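Colleague: Sequence:
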Amino acid sequence: MVRTITFVFMIITFFVTNILLERKFKKSPPKFKLGKVIVYSFLYTFALLTIAVLFEFGFYLLIYGSIVEGCFIIVYFRHRPKAVLED
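Numbering of the sequence shown is given in this note's numbering, commencing with residue 7 and proceeding in unit increments.
Check each hint, because a few of them may be wrong.
Stated by the list, open to error - Restraint-style ranges between C-beta atoms, simulated for each label pair:
hint, residue 1, residue 2, range
1, LYS33, PHE13, 25 to 33 Å
2, LEU60, HIS85, 32 to 40 Å
3, TYR50, THR12, 16 to 24 Å
4, PHE13, THR51, 19 to 27 Å
Simulated from the structure, these hints should not be mistaken for laboratory data.
Note that the structure is predicted; figures quoted are calculated from it, not measured.
Heads up, the beta-carbon is just placed ideally off N, CA and C, and yes, glycines get one too.
Using the sequences and the hints, build the whole thing.
Modeller: As structure tokens, then:
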């Protein structure tokens with residue numbers, strides 16, 4: 007069972023990451039294509055899972071890293087250029 011403090015930190019991580027990525031993408035919209043985002047997402051997930059398996063603290067890193075990855079993908083799809091849709 008996830009502790010209450012972990013759940014609170016998960017919510018905080020989600021909102022802070024969302025706000026920071028929104029600011030970054032408003033200043034300069036993403037210039038990379040959807041295929042690159044998918045590949046980087048798989049590599050990032052593989053790295054998180056590897057760390058989670060090898061180290062004791064890795065489970066928490068997996069939780070927060072997955073939240074950051076999800077926020078990035080959400081904000082990317084919100085701000086992606088229209089040319090990316092045609093690929």
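Colleague: All hints, please: hold or fail.
Modeller: These are the hints, each one checked on the structure:
no.	hint	in the structure
1	LYS33 to PHE13: 25 to 33 Å	32 Å, holds
2	LEU60 to HIS85: 32 to 40 Å	34 Å, holds
3	TYR50 to THR12: 16 to 24 Å	21 Å, holds
4	PHE13 to THR51: 19 to 27 Å	22 Å, holds
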